[in-house]
Amino acid sequence: MLTLLLDIITTAAILFIVSAGLLAIFGVLKIVNFAHGAWLTVGAYCAVVTAGLGLNPWLALPLAFVAGAVLGALTERLIVRPLYARPLDAILATWGLSIVIGQLITLWFGRDVQFTVSLLSGTVDIFGTAYSLYRLFALAAALVIGIGVTFVLEGTRLGLSARAIIMNEALARALGLDTARIRLVTFMIGTGLTALAGVLLTPLTSVDPNMGLAWLIGAFMLVMVAGSSFGALAVACLLFGGAQVIVSTFISPILGGITIAVLSALVLRISSKGFSRV
Amino acid sequence: MSDTLTASPRPFAQRRALILGGLAVAALALVLLGPLFLDRFSLNVLTRSMIYAILAITLDLLWGFTGILTFGQAAFFGIGAYATAMLLTHVGSSPALIGGALVLAILVPMILGIAVGWLSFYYGSTPIYATVISLVFPIVVTQLVYSGGTLTGSSSGLVGYMGLPFGLEGFFRLSGLCLVLVAIGALVFVRSDAGRVLTAIRDNETRCAYLGLNTQRIKIVLTTVLAGVAGLAGFLYANASGVVAPENTGFVFGTELVVWTALGGRGTILGPILGTIGIDYLSANLSGELPFLWQLIIGALFVVMIIFLPNGLAALVARFTRRGRNEVVTGGGPTLTVSAATHHTQQGGGPLLSISKLEKSYGSHKVLEDITLDVAPGELVSLVGPNGAGKTTMMRCLTDGKERSGGTVRIAGQDIAGMTPDRIVALGVGRKFQVASVFESLTVADCLRMARSALDTPSCIATAHDLGLPQAAVEILQLTGLDRLLATEVSLLSHGQKQSLELAMVVSLEPRLILLDEPTAGLTKAERTTIGGILRKLTAEMGFAAILVEHDLDFVRDISSRIVVLHQGRLVLDGSVDEVVNSEIVKTIYSGGENA
Amino acid sequence: MRDTVTQADKLVLEGVTSGYGPIAIIRDLSLTIRKGEIFALMGKNGMGKTTLLKTILGLVAARSGDIRLDGASIVGMSPKSLVTAGVGYAPQEQPLFQDLSIRDNLRLAVQSDRDLDAALDKVFGHFPFLQGRLAQKAGTLSGGEQKMLIMARALMLGPDLLLIDEISEGLQPTVVARIAEALRAERAANGTTILLVEQNLNFALSVADRWAVLKLGEIDDSGTTQSDSRARVLEHLKI
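Residue numbers (my numbering), protein chains in the order written: chain Y, 1 to 278; chain V, 279 to 874; chain F, 875 to 1113.
Incorrect hints may appear among the rest.
Stated by the list, open to error - The list that follows gives simulated cross-link-like pairs (lysine-lysine, DSBU-like), each with its CA atoms no further than 35 Å apart: (1) F:909 <-> V:644; (2) F:909 <-> F:996; (3) F:996 <-> V:803; (4) F:909 <-> V:865.
Said to hold, decoys possible - Chain Y residues, not near chain F, derived (Cβ > 12 Å throughout): (5) 74; (6) 81; (7) 110; (8) 124; (9) 140; (10) 160; (11) 161; (12) 171; (13) 243.
FYI, nobody ran anything at the bench for these hints, they're computed from the structure. Note that CB positions come from ideal geometry on N, CA and C, so glycine has one too.
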């Protein structure tokens, strides 16, 4: 029972980590970055490179953030910026980008599964139940990301500007905010966070050029339901992640895999705003 | 309007039919004779490519023509393939069962198509939501296949069933024949009057709804029919390849279809066919030597294409070959005829429009409050008041039964509570929007035909040679000179011409009540005078009722039979032109002294 | 009447045409506003007043003509660079971030948080009620208080040129009087040039030095503020 509860909480945490970058971009830019999976993959390969160079595996985290942000800057300038007025085409163009990134990684590293050094291993004892230390660490990481994002949004000028753009972009522009720069920086933070999430995923999944794809749809659906609110994202992760764990445990892991997508679609059918008012 | 050219419609249509016939014969010859000079590998690959091309056509109709970006066609295809393979594997194989498999492969996707359509398209649904559903659907289908155990063969799929007893050449010819038939069907349909409705929905769905078309139902029917076609392709695939696998149902396959369609050129039918066959065939040939580089090139090309050439390679070709698309065409098009009124001929007693205690609020903020008003046939009522007085909100409440928060609105005695715009249009209400709301990529004649399609059901195969419109609409066209521009694409018209065209479209609905939101915004003095004359004639002589929201008070004074003043959501004055113009309240409101 | 001979031109519009999509809202409009003057542009709804302000600020692109600020052309400049150059703007439509605090609304008007405290002190002088209510959400203010917050935000940077869009709309006469007072005080202290777009002619004529009436995107009539102005403008504004 306790294991189930921990599974639910840590699954929600992992989903939150994986979706946070996508939400940041969607919330401010109103663009779905369908190359999200590719950035998770890029992050995971940063861990592979770090391991290959014999460096401390924790160094992969800052490396991935920087790599993700730099690639994100290029993407925003070259691909996303011309498509702000065509959001459906932006989905397609970023999907095309993910094909390119996936093939580049394949050309460089081959299509085989890569192994990375585990960041944390073993289990800890919680009230007599042995539980994966790394999954607990993921919970902490999700909290750190959540608090970090909240701090940026609520406590910094950049966050205030981003919120202003989310609420009323025309007014933000009229007041002289540099909306182009804020979009660029937001996109970089989003892709940086996503690559970071890719590193955090490495102990949980195998690393191969298509690993990000498995996470894309789940993250996409959660973000659709969450709108532009990180609080709503946390709620969605807890509810739908919990449902996924329960379905996987008691019915079938395969059906568990579609729980999030189906529930999100139904929630959106009932209310097009999803959980964004939470 | 520098380039004008004259076209005569009949030879043009005939030439097009000839070209289409020639293409069909050539394509048929290719698919029938192909096996004589193609090697086994090419036959195999091209059979598959042609089946995929059928799918690309269905995607093009949905996305290129109607504007619905979907990844779901792959799932309908997979369901058709699995229905075939499962029946033949688990029940057995006989000619009757193969026939049964064909029926199942088409029917099951269609039934699911209704479900997906119902989920995706409802009043107020967004394009992105339909795309979301189209992503979820293939994922669900794939997971169900994985969890199907021996029934679906799980991850290894189904193989070894006995399908149609054709050889390699036979399947090549069968697939090719099906492709040619589907392609001809699609080409004929999109050029027919009914096919233009799809483009109209893509251009301006709101306008379609306000022309009395139930766009959601049209999109559901389209999804359903095309799900059946995708199922047919699945049936062919299951027979020709002898194996079905979970990948055939998946979201990734759905995205590949989108890539092929986009590269070939959405909205052209032929582009996606050639794109699909070309890329799939090249992929099969090149993936041996340049496995990942090839995918990389396709991906990069796709990105560049989406950004710089969103209409694909076909757009490049069309830029050099297409005539009459980017020029103003004088003359040509269908023949204008005056049709007798078919609609709303009986006139009931009582007021045409009766508003009682109408209220609209957002949260605690009341935009409209306690509005009571009757309008009778022949009246031209102007609605005036400062910004934020609630004029446009009131127009919305009269044309969308879900808008208001309280009170009743009756049109010809019928309460419109909960009605969607298309049903209110059917009661005899036409609405002209503030910014000319027309269909940019259709011709003038097609726009007018669209306005008639709720009354005269359009043909699915032909383009009518006559265009029957009510007397009033024909007069508007003649007064504004639009009757000579019937074959011209609307995007080439001036702003004033678009405003007049929209008015003609609204009048073509044979409404009893016309609502006009700033019909003269951005028009020149001469254009205003023309529109004003038309409005006076429509109401005073022809017995239409009209409600006009207008800022140009000189214009209002000239043409109104009655003026209603709104201020801060309330009706403060309702009277004749003289009464209102000389009233103290209006002077106060407009000089900003006291607040009412 | 003030002497106009020595005054330089602050804002000059020359043959400006602009609008949305195919629709021209402003047509070949020319207008000169002198340094330190308060100019009232009046006209009924839909005559292009708001579009004109947005065109000056670069929010709507001018299709033809020239706009000069202190003699230099500003056509094509971004709103950000104009704000930096000393243009303040009080918009009419959705003018506040309703869900942000008063402090955050004001904070968005300054380019850097370092300038915030000084700017806040400045606007507290005009509208003292803001001082104690910085944490309150803008959306919870009354209509009149919201208008004063919009004015305060436009005054934060001490602009040289202030563009104000129908600030008096829907306000009690007492609040209108306070805003008029703030405008006069700001000009007296800093020599601010103010372009006022208005429908409330009592308010407009009480603060302005000169006025013009805009009709269908063109200047229909103009003059200096005199005793007979009211009747003349009302003739244009009435129904």
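Structure-based check of all given hints:
1. F:909 <-> V:644: violated (42 Å)
2. F:909 <-> F:996: Holds. Residue 909 (chain F) to residue 996 (chain F) sits at ~22 Å (cutoff 35 Å).
3. F:996 <-> V:803: Violated - the C-alpha atoms of residue 803 (chain V) and residue 996 (chain F) are around 48 Å apart, more than 35 Å.
4. F:909 <-> V:865: Distance ~33 Å between residue 909 (chain F) and residue 865 (chain V) Cα, so the pair holds.
5. 74: holds (23 Å)
6. 81: Answer for residue 81 (chain Y): holds, closest chain F Cβ roughly 15 Å.
7. 110: holds (47 Å)
8. 124: holds (42 Å)
9. 140: Check passes; 31 Å lies beyond 12 Å.
10. 160: violated (6 Å)
11. 161: Incorrect as stated: the minimum Cβ-Cβ distance to chain F is 7 Å, not above 12 Å.
12. 171: Since the minimum Cβ distance to chain F is about 6 Å, residue 171 (chain Y) lies within 12 Å and the statement is violated.
13. 243: holds (31 Å)
Checked against the numbered hints above, the structure violates hints 1, 3, 10, 11 and 12; every other hint is satisfied.
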